[in-house]
Each structure stands twice: as structure tokens, then as C-alpha cells.
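Spelled out from the first residue to the last, the chains are:
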Amino acid sequence: MNGQILREDYKLALTDICEKCEVPESKVIAYIEEGVVEVQGNEVKLWRFTEASIVRIRQANRLEQDLRLNPAGAALALELMSQIEDLKNELKRFQPT
Amino acid sequence: MEYRDYYEILDVEKSATQDEIKRAFRKLARKFHPDLNKDEDAEAKFKEISEANEVLSDPEKRAAYDQLGQAYRPGQDFQPPPDWDAGFEFSDGPASENAQGQDFSDFFETLFGEAYQQKRAADAKARFHAKGQDHHAKVLIDLEDTFHGTKRTIVLKVPEVTEDGHLVVKDRKLEVSIPKGVQEGQHIRLKGQGAPGRGDGTAGDLYIEIVNKAHPIYRAGGSDLYLDLPVTPWEAALGRKVKVPTPGGIVDLNIPAGSQQGRKLRLKGRGLPAKPPGDLYVSLRIALPPADSAKAKKVYEAMAELDFNPREHLMRDIKHGDQVRAKS
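Sequences listed follow chains A and B, in order.
Note that this note's numbering numbers the first sequence so that position 68 is 68, with each residue one more than the last.
Note that this note's numbering numbers the second sequence so that position 30 is 30, with each residue one more than the last.
Next up, chain A with everything else stripped away, as it sits in the complex (with noise of 0.2 Å):
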């Protein structure tokens, strides 16, 4: 079976991730006004995203749910764990192997 890597273009319409991620466009915007994801394009007509978004944002609404999070926190607790895995990494270096 043959799947495709998620593409890093921006190339998403707000409809289309809005979709794929099952969430309103509210949380889209809230998600990129917290820096969950990154957006192209000045009006919301033109916004195009990548489809690596798709997973940041479904990840951020899930820890929304499970814990009771707002938007904001899910945004610090992704922020905050994309720097204990680049510690992590760093940490590796000094670990015998």
C-alpha cells in the first residue's frame, strides 16, 4: 500500500484543512493566531497551507479535548514539547551508544 508524505508547500485552501482536520474554521484561526500553524496569503480567500498542518492542528484539538484546554494552552504544551524533543536530540549526542 502506498501513502504520500504530508507536503511542507503551502497549497491548502481553509476549506480543505478545515476538512481534513474535522474542525470549524474558528479553530483554524484561532490555531494560527496562537502559532499552532503557519499560514500563506493576506485575505482568508487566498490562505493556503501546508499539509503538515493537518496533523499539528488535529494534535492541538485533541489536547484541547482530552485535557480541557483553550487554544493557547494547547499551543504552549506543543511549543513546550517540540523543545524537550529537540533537548532530547541534543541529549543523544552526549549518551554512549
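It is worth saying that the hints were derived from the structure and are not from the lab.
Every residue, glycine too, gets a C-beta built ideally from N, C-alpha and C.
There may be inaccurate statements among the hints.
Claimed, not checked - Derived pair list, reagent style DSS-like, types lysine-lysine, alpha-carbon separation capped at 27 Å: (1) K151/B with K275/B; (2) K88/A with K38/B; (3) K213/B with K191/B; (4) K88/A with K264/B; (5) K20/A with K27/B; (6) K264/B with K27/A; (7) K88/A with K47/B; (8) K88/A with K173/B; (9) K173/B with K11/A; (10) K20/A with K47/B; (11) K180/B with K191/B; (12) K241/B with K213/B; (13) K180/B with K170/B; (14) K88/A with K213/B; (15) K92/A with K38/B; (16) K38/B with K27/A; (17) K268/B with K92/A; (18) K92/A with K31/B; (19) K173/B with K92/A; (20) K138/B with K92/A; (21) K138/B with K38/B; (22) K88/A with K191/B; (23) K11/A with K191/B.
What the hints assert, rightly or not - Derived coverage of chain B by chain A (criterion: at least 3 residues anywhere in the stretch with Cβ under 8 Å from a Cβ of chain A; other residues may be distant): (24) 221–234; (25) 251–260.
Go by the hints and put chain B onto chain A.
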């Protein structure tokens, strides 16, 4: 079927108040949420505590469970007595938000599952169309796999509602092609391989997260690779051409004269395949030969004649008081 001690899972006393149970669950949920905890067993643990919370946070279910559980120890073989739930009334409310769409243990399904099963069967029959849930999986790949691509077999646990409304969990095996050039943290989407939709709804998608297995010599960061390269003091000081392993084969690398510990050298395009290909960063690690022979000792003693004090800068700005203390 094994008996599950939900109190032990949430680490609360049997006499805990509903508030204490809520707090214990929330704390553990934050700790083991699979989006926050990358340990392999985090997801299983999160399901377990969600299941425990589903029962203990509901006073009706908790009362029924308490009555049942007096004679059992965790892990003990368990069969529910007939009519065990007689005398308890379960509200027909929806499952709590954390429980939606989760597949709980056989133990849970046997005790509390019937109401859900009937509800799910009714949902399935209702003229209601909804897209199926998306599923998530992780695959571990070797760094070498990113050069040629690979295949991995993924086993998914899929809950299915049978025609007569019973819930069964089936294993579904999928052989997935991992395309070459894939990087850690990227996701692969398999369209339509998530949960089936309801009514005319389309099936959900399956998202596969790529995780690199630890490699014995390289570390990956995006498409770049990092390698610690041991060199001798004379190679670092005088400069020398040395052989360096890269994923694409062994190459010659010029160590510039006067290199210090930790110097980073870049081999352009020798990292992982990508557009453009990643680079290989080589960090020099100066390895000292042991002074365990007369010859080695002689060389070190010859070096001692050099006018070299690596601690000079430590002494330069020292305070007077520190000097006095150091002397005494």
C-alpha cells in the same frame, strides 16, 4: 478475562471522593497523553486511565464496580456473576468526552459495554452519515531506509460492530511502502485506511508518523546528519586527510591544521536524500593515546617542553581572596 483495579490504575484510595478521582485522572491524563508523552506505552496507559476514569467518575458505575470488585485482585481471572448489575440503573447519557471513540478493555466492555454497544448499533442503523475517524500509527525506520525506501507491516486494532450489535476488536494488517527520502517527524497519509464511515460517510484516513531508530554512528536532524569523528592530536594539530564513513560510502576528509576539539566540518550533500540533499556535519573529537608504554611516555614528556598552559585564562582575572584561599 482479567479483573482490573481501576483504583490502582488512578492511584487513589477506594474511599476517594469524586473530586479526588477527578484530580488524579487529570494529573495522569496530562502525564500520559500520547501527544505529550512519546514513550511507546503512553497511549496504552492513557487508554487505561481513561477507562478507569470512565467508571470511577460516574457514581452509578462506580457503585456497581465497587460491589463487584470486593472479592477480586488485579490480574485475577474474572467472570462477572449473572445479573451482577441488577439493582443498578445506568443513565443512558453519552459517554464522557474522553471516552468517545475509544476502544476499552474486554473487562470494561463486558461490564459496561452493553449500553454502548446498543447505542453504537443504533447509530450505525440510523440514517446518519459521518466520516470515519482517522487513525494514527508510528513506524520505526532505519536511517538507511531513507535512501531506498522500505516496507513495514502495521497491525491496527479495529473495533467493529457486528450485525447483531456486538462489538468485536479485530487485528488488521497493512503493508505500507515507506517512500525514500522520508524524514523523522514527517507523516504519511493512507487515504481511507482509518475507521469506516457511518452511512454513506467516507472512511477516515490513517496517519503514520515516521520515527528514526537510533543509529550506531549518525544522528539525524531533518535531512542533515551528525557524526562525531575521533581524531589523533597530531591529525588535529598538523592537518591530515582521513577516511570518514558516510551513508553513501567512505570519503576522504581534509582535517585542517590547527583544528581544536569540537570543530565542525561540513560534507555538503552527504546527509540524507532530500531536495536539496542534506549535509553531513562532522564534529572532531580529539582522542589521546594512553601513556602506557615507554615510547608513549617519552612523546608526552617531549610535549611537556612546549610552552603551553591551557589554564592561563582561569588565572588571569582571579580575585585576590581566591588566591589566598587557594594557597592555604
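Structure-based check of each hint:
no., hint, verdict
1, K151/B with K275/B, "holds, 22 Å"
2, K88/A with K38/B, "holds, 11 Å"
3, K213/B with K191/B, "holds, 26 Å"
4, K88/A with K264/B, "holds, 20 Å"
5, K20/A with K27/B, "violated, 30 Å"
6, K264/B with K27/A, "violated, 44 Å"
7, K88/A with K47/B, "holds, 25 Å"
8, K88/A with K173/B, "violated, 32 Å"
9, K173/B with K11/A, "violated, 32 Å"
10, K20/A with K47/B, "holds, 24 Å"
11, K180/B with K191/B, "holds, 19 Å"
12, K241/B with K213/B, "violated, 31 Å"
13, K180/B with K170/B, "violated, 31 Å"
14, K88/A with K213/B, "holds, 14 Å"
15, K92/A with K38/B, "holds, 15 Å"
16, K38/B with K27/A, "holds, 25 Å"
17, K268/B with K92/A, "holds, 23 Å"
18, K92/A with K31/B, "holds, 23 Å"
19, K173/B with K92/A, "violated, 33 Å"
20, K138/B with K92/A, "holds, 21 Å"
21, K138/B with K38/B, "holds, 11 Å"
22, K88/A with K191/B, "violated, 32 Å"
23, K11/A with K191/B, "holds, 18 Å"
24, 221–234, "holds (count 3)"
25, 251–260, "violated (count 0)"
Of the numbered hints listed earlier, those contradicted by the structure are 5, 6, 8, 9, 12, 13, 19, 22 and 25.
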